[in-house]
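Trainee: Protein sequence lines correspond, in order, to chains A, B and C. Mapping to my numbering: the first sequence position 303 is 303, numbers consecutive. Mapping to my numbering: the second sequence position 151 is 151, numbers consecutive. Mapping to my numbering: the third sequence position 5 is 5, numbers consecutive.
Calculated directly from the structure, the hints in this document are not laboratory data. Don't take every hint at face value.
The list cannot tell twin chains apart, which means a pair is met if one copy fits it or any two copies do.
[Unchecked claim] Straight-line C-alpha distance at most 25 Å; calculated DMTMM-like pairs for lysine to aspartate or glutamate: (1) Lys320 with Glu226; (2) Lys320 with Asp308; (3) Lys193 with Asp108; (4) Lys193 with Asp25; (5) Lys193 with Glu114.
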Amino acid sequence: MSLTLGELAVRFGCELHGDPDVRVDSVAALSNAHPGSVTFLANPRHRPRLADTRASAVVLDASAVADCPVAALVSVNPHATFARIAGLLHPRPVAPPGIHASAVVSPDARIDPEAHIGAFVSIGPRAVIGPRAVIGPHCVVEDDVEIAEDVHLVARVTVCHNVKIGARTLVHPGAVIGSDGFGFAREGERWLKVPQVGSVVIGADVEIGANTTIDRGAIGDTVLAEGVKLDNHIQIGHNCVIGAHTAMAAHVGVSGSVTIGQRCMLAGKVGVVGHLTICDDVTVTGYTMVSHSIRQPGVYSGGIPAEDARTWRRLVGRLKRLDSFVRRVAALERATGTRSTVHQGEDDD
Amino acid sequence: MSLTLGELAVRFGCELHGDPDVRVDSVAALSNAHPGSVTFLANPRHRPRLADTRASAVVLDASAVADCPVAALVSVNPHATFARIAGLLHPRPVAPPGIHASAVVSPDARIDPEAHIGAFVSIGPRAVIGPRAVIGPHCVVEDDVEIAEDVHLVARVTVCHNVKIGARTLVHPGAVIGSDGFGFAREGERWLKVPQVGSVVIGADVEIGANTTIDRGAIGDTVLAEGVKLDNHIQIGHNCVIGAHTAMAAHVGVSGSVTIGQRCMLAGKVGVVGHLTICDDVTVTGYTMVSHSIRQPGVYSGGIPAEDARTWRRLVGRLKRLDSFVRRVAALERATGTRSTVHQGEDDD
Amino acid sequence: MSLTLGELAVRFGCELHGDPDVRVDSVAALSNAHPGSVTFLANPRHRPRLADTRASAVVLDASAVADCPVAALVSVNPHATFARIAGLLHPRPVAPPGIHASAVVSPDARIDPEAHIGAFVSIGPRAVIGPRAVIGPHCVVEDDVEIAEDVHLVARVTVCHNVKIGARTLVHPGAVIGSDGFGFAREGERWLKVPQVGSVVIGADVEIGANTTIDRGAIGDTVLAEGVKLDNHIQIGHNCVIGAHTAMAAHVGVSGSVTIGQRCMLAGKVGVVGHLTICDDVTVTGYTMVSHSIRQPGVYSGGIPAEDARTWRRLVGRLKRLDSFVRRVAALERATGTRSTVHQGEDDD
Numbered sequence: 001m002s003l004t005l006g007e008l009a010v011r012f013g014c015e016l017h018g019d020p021d022v023r024v025d026s027v028a029a030l031s032n033a034h035p036g037s038v039t040f041l042a043n044p045r046h047r048p049r050l051a052d053t054r055a056s057a058v059v060l061d062a063s064a065v066a067d068c069p070v071a072a073l074v075s076v077n078p079h080a081t082f083a084r085i086a087g088l089l090h091p092r093p094v095a096p097p098g099i100h101a102s103a104v105v106s107p108d109a110r111i112d113p114e115a116h117i118g119a120f121v122s123i124g125p126r127a128v129i130g131p132r133a134v135i136g137p138h139c140v141v142e143d144d145v146e147i148a149e150d151v152h153l154v155a156r157v158t159v160c161h162n163v164k165i166g167a168r169t170l171v172h173p174g175a176v177i178g179s180d181g182f183g184f185a186r187e188g189e190r191w192l193k194v195p196q197v198g199s200v201v202i203g204a205d206v207e208i209g210a211n212t213t214i215d216r217g218a219i220g221d222t223v224l225a226e227g228v229k230l231d232n233h234i235q236i237g238h239n240c241v242i243g244a245h246t247a248m249a250a251h252v253g254v255s256g257s258v259t260i261g262q263r264c265m266l267a268g269k270v271g272v273v274g275h276l277t278i279c280d281d282v283t284v285t286g287y288t289m290v291s292h293s294i295r296q297p298g299v300y301s302g303g304i305p306a307e308d309a310r311t312w313r314r315l316v317g318r319l320k321r322l323d324s325f326v327r328r329v330a331a332l333e334r335a336t337g338t339r340s341t342v343h344q345g346e347d348d349d
Numbered sequence: 001m002s003l004t005l006g007e008l009a010v011r012f013g014c015e016l017h018g019d020p021d022v023r024v025d026s027v028a029a030l031s032n033a034h035p036g037s038v039t040f041l042a043n044p045r046h047r048p049r050l051a052d053t054r055a056s057a058v059v060l061d062a063s064a065v066a067d068c069p070v071a072a073l074v075s076v077n078p079h080a081t082f083a084r085i086a087g088l089l090h091p092r093p094v095a096p097p098g099i100h101a102s103a104v105v106s107p108d109a110r111i112d113p114e115a116h117i118g119a120f121v122s123i124g125p126r127a128v129i130g131p132r133a134v135i136g137p138h139c140v141v142e143d144d145v146e147i148a149e150d151v152h153l154v155a156r157v158t159v160c161h162n163v164k165i166g167a168r169t170l171v172h173p174g175a176v177i178g179s180d181g182f183g184f185a186r187e188g189e190r191w192l193k194v195p196q197v198g199s200v201v202i203g204a205d206v207e208i209g210a211n212t213t214i215d216r217g218a219i220g221d222t223v224l225a226e227g228v229k230l231d232n233h234i235q236i237g238h239n240c241v242i243g244a245h246t247a248m249a250a251h252v253g254v255s256g257s258v259t260i261g262q263r264c265m266l267a268g269k270v271g272v273v274g275h276l277t278i279c280d281d282v283t284v285t286g287y288t289m290v291s292h293s294i295r296q297p298g299v300y301s302g303g304i305p306a307e308d309a310r311t312w313r314r315l316v317g318r319l320k321r322l323d324s325f326v327r328r329v330a331a332l333e334r335a336t337g338t339r340s341t342v343h344q345g346e347d348d349d
Numbered sequence: 001m002s003l004t005l006g007e008l009a010v011r012f013g014c015e016l017h018g019d020p021d022v023r024v025d026s027v028a029a030l031s032n033a034h035p036g037s038v039t040f041l042a043n044p045r046h047r048p049r050l051a052d053t054r055a056s057a058v059v060l061d062a063s064a065v066a067d068c069p070v071a072a073l074v075s076v077n078p079h080a081t082f083a084r085i086a087g088l089l090h091p092r093p094v095a096p097p098g099i100h101a102s103a104v105v106s107p108d109a110r111i112d113p114e115a116h117i118g119a120f121v122s123i124g125p126r127a128v129i130g131p132r133a134v135i136g137p138h139c140v141v142e143d144d145v146e147i148a149e150d151v152h153l154v155a156r157v158t159v160c161h162n163v164k165i166g167a168r169t170l171v172h173p174g175a176v177i178g179s180d181g182f183g184f185a186r187e188g189e190r191w192l193k194v195p196q197v198g199s200v201v202i203g204a205d206v207e208i209g210a211n212t213t214i215d216r217g218a219i220g221d222t223v224l225a226e227g228v229k230l231d232n233h234i235q236i237g238h239n240c241v242i243g244a245h246t247a248m249a250a251h252v253g254v255s256g257s258v259t260i261g262q263r264c265m266l267a268g269k270v271g272v273v274g275h276l277t278i279c280d281d282v283t284v285t286g287y288t289m290v291s292h293s294i295r296q297p298g299v300y301s302g303g304i305p306a307e308d309a310r311t312w313r314r315l316v317g318r319l320k321r322l323d324s325f326v327r328r329v330a331a332l333e334r335a336t337g338t339r340s341t342v343h344q345g346e347d348d349d
């Protein structure tokens with residue numbers, strides 16, 4: 001696919017500074033771009049790299065035009081415009097409609113004639129596969145699953161019985177949607193399984209990463225609202241409700257019955273304790289354990305940056321003796337009579 | 001499936017307060033139950049919600065009967081009784097005995113005639129599949145595996161050669177049992193693979209979560225005793241021995257050659273360093289790094305609750321300068337002569 | 001397979017102390033070895049266990065010979081020599097060349113006649129499978145993938161389009177290589193997908209653990225150099241470059257665009273923030289969040305060892321009030337005039 005800068009400018013509403021007849025056929029990164037490619041500048045910190053780019057054109061905002069040594073496509077949101085150009089220049093291959101000869105499809109399933117069912121797919125009774133849905137090779141779609149139009153299960157995705165997946169949702173290999181939640185009743189020293197009789201409901205325009213797991217509800221459903229984006233290796237426990245446009249990075253773990261608001265961002269390895277609520281517009285930085293509900297939008301943290309090991313061991317030693325330091329300060333205050341009333345009753349025993 | 005409260009009371013040994021002829025056909029949560037459903041009350045904190053329940057009956061203990069506005073099924077362990085009722089009202093579909101036409105089964109494998117072998121299952125030479133075992137679609141069962149009666153591999157489970165799985169064990173999609181342990185010998189700058197010649201032995205009544213991995217022993221076996229319950233995304237390293245009825249939440253990582261006792265509970269994202277021993281009846285709370293053996297039953301912790309990011313950055317700054325604070329306290333003690341003998345030789349340099 | 005100690009000594013260049021005609025047929029651990037087995041002693045801490053070994057021979061270094069009650073195979077690197085002996089006595093079964101009848105192979109793929117293609121494998125157009133490569137059951141190999149000689153995909157591995165895998169690389173079940181990176185542009189409250197148009201290039205002699213995921217580059221490639229060893233459940237983000245012979249333990253997460261040097265070791269649950277650089281020869285201990293680039297070889301840490309829960313709660317309380325503690329020390333210094341100039345302007349407000 002090759003297009004002129006003029007065509008791109010018109011299609012995406014950019015102001016073009018440069019020759020409209022130059023052709024581009026691919027996207028590239030700012031610093032190792034090649035002629036014939038389009039790149040972008042979104043983060044102002046990278047502006048110094050503009051000078052050396054070998055791209056044919058750069059998508060950028062108005063403030064950077066003067067520094068651009070090649071053609072500029074001016075956009076108020078360069079990253080988004082770049083994403084659209086990349087999608088145009090590098091289209092995903094279209095999977096042809098039809099059912100692969102090797103697939104095992106229940107006669108009671110309803111497969112839209114425009115859907116693609118790949119090699120070794122198994123589809124259970126009463127499952128419904130919508131128009132233009134792509135069920136890639138090795139996917140398992142159990143009984144009574146509903147998959148809406150334009151859903152794409154890339155490969156080897158497991159969708160357990162009764163799960164519903166909304167339009168245009170994209171699921172990467174190894175993801176498991178609707179496995180049993182982790183629910184047991186204690187009886188003496190044994191654990192008795194609590195049947196997980198709920199399901200999972202996933203909205204439109206969701207993306208689910210490789211090997212991510214979303215457990216079905218114990219009673220009632222686990223819910224991912226529209227536009228949720230999950231990276232790889234994420235665990236969503238039973239009965240969680242994740243609000244629209246919330247994004248989570250790899251290895252995030254959300255325990256059961258957690259409610260998370262809209263437009264939240266959870267960075268890598270964040271964990272959320274069960275039964276909590278997080279309000280809209282909360283960002284949690286990496287490695288943070290959320291052990292209380294969060295009721296105010298904002299940024300929350302709990303991770304400690306790495307140190308060289310010797311310094312760290314010493315710090316941990318200090319930390320573990322913090323109690324004795326505090327007592328020493330209290331003793332000093334008593335001995336010198338300097339203790340202010342602010343500290344009364346605090347930290348000295 | 002629909003039953004009367006009288007039938008439930010008789011079958012599960014509950015005292016019934018209410019009309020024995022009322023019929024129920026499903027379970028529900030306390031706060032959004034509907035008529036025709038059974039719910040339960042186990043946690044006394046939720047007792048205020050009893051007043052508004054629309055369930056037809058509630059399983060609860062004797063102390064809560066007076067507050068129950070609908071029929072009550074009295075049990076000494078309401079959660080366990082509820083679990084049994086849920087299993088009765090929502091039975092898992094029975095997989096019919098037989099081998100799916102698409103399965104590839106070695107002629108040397110021994111498949112019990114009552115076992116179910118699903119679509120696209122591959123079973124290697126000398127594997128043994130017991131009575132009523134269900135090997136769901138897309139499972140890989142390698143050579144010489146032994147699977148006992150009533151085992152259920154839900155779908156897309158990989159069981160590597162020589163692994164043994166005990167009766168009634170349930171394994172969720174994407175789990176890998178018997179992959180090579182992570183064992184290498186250093187030789188110059190290269191890593192030389194140490195063949196992993198042991199296997200995995202899993203007891204009866206174990207549950208293994210989606211995408212969890214259990215590595216085979218380097219020499220000798222990795223062992224999960226009966227009743228162990230593992231959530232999703234767990235890593236069990238080679239040669240670990242996990243005691244009976246121990247439960248682990250999602251993203252727990254247990255390094256190689258760790259021995260964990262019976263009835264332990266490891267919360268989400270706990271990690272255990274290699275070659276340690278944890279005794280019976282240990283609970284480890286979320287995000288804790290266990291880096292020393294634990295020899296006393298009890299609760300252990302290491303996670304720090306989230307703060308708002310600004311406060312947290314300040315705290316981390318303070319923490320990283322803890323050394324200088326301690327020196328300042330020591331200087332104050334010297335200057336004022338308040339230093340007690342308790343602190344002699346501790347923390348001041 | 002059974003060999004004499006004399007044959008082993010000759011083949012691996014060991015000095016033999018003992019009867020060269022004794023036969024061994026298996027490897028074992030030092031403390032529960034049986035006659036007919038070979039074991040090894042690498043860690044001097046385990047030397048006291050030598051006295052009780054029932055093995056027929058022990059691989060050890062010269063310093064331990066005198067303490068060995070049975071035959072000794074003396075090696076400068078006992079662990080590596082043991083690994084080689086284990087590989088000889090416990091060879092992996094050879095997969096016969098050929099394509100299983102159930103496999104779905106594109107007519108445009110190029111399969112070497114010596115390669116093994118297992119049951120239910122699907123191979124896309126233009127994929128190239130090299131000599132003696134073993135593509136185990138249920139693997140998905142998408143379009144334009146290149147797999148070199150002697151690669152072994154154990155089972156149920158997904159290799160997405162255009163990925164290249166170097167010679168002798170071993171990939172365990174459930175691994176996903178070349179899934180989309182996690183890249184989105186924000187547009188209002190929505191996330192717009194940024195097409196991931198790069199790929200993954202994996203060098204020779206790499207090992208990739210069960211359920212590990214390696215995302216394809218956004219633009220350009222994600223690269224694993226030769227000899228990299230990854231344990232289970234690892235996430236490698238898009239555009240990472242991992243240097244030769246670097247090893248990572250389970251649950252490590254590396255965010256996008258990270259560059260890691262050669263011969264690094266990342267312990268379990270380490271996380272690396274995006275866009276950082278880690279130089280050669282860096283070791284990071286377990287549970288550490290690497291949030292700044294590391295430019296000096298050495299050992300880095302950030303994990304806090306577990307405490308009993310009561311002590312830990314108290315410590316966390318102290319930690320969270322560290323600010324007030326520091327202010328109290330500053331007040332004491334002012335009141336007593338002991339403050340040294342070193343602390344001027346630091347930490348007291």
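Trainee: For each hint, tell me whether it holds in the structure or not.
Mentor: Tested hints:
1. Neither within a single protomer nor between protomers do Lys320 and Glu226 lie at most 25 Å apart by alpha-carbon distance, with minima of 45 Å and 37 Å respectively.
2. For the identical chains of this complex, Lys320 and Asp308 are neighbours both inside a copy (18 Å) and across copies (12 Å), given an alpha-carbon limit of 25 Å.
3. When the C-alpha separation of Lys193 and Asp108 is checked against a cutoff of 25 Å, the pair qualifies neither within a copy, at 31 Å, nor between copies, at 35 Å.
4. Proximity of Lys193 to Asp25 under the C-alpha cut-off of 25 Å is restricted to the inter-copy arrangement: shortest distance 19 Å between copies versus 56 Å within a copy.
5. Taking the shortest Cα distances, Lys193 and Glu114 sit within 25 Å of each other only across copies (24 Å), while inside one copy they are farther apart (41 Å).
Of the numbered hints given earlier, the model fails hints 1 and 3; all others are met.
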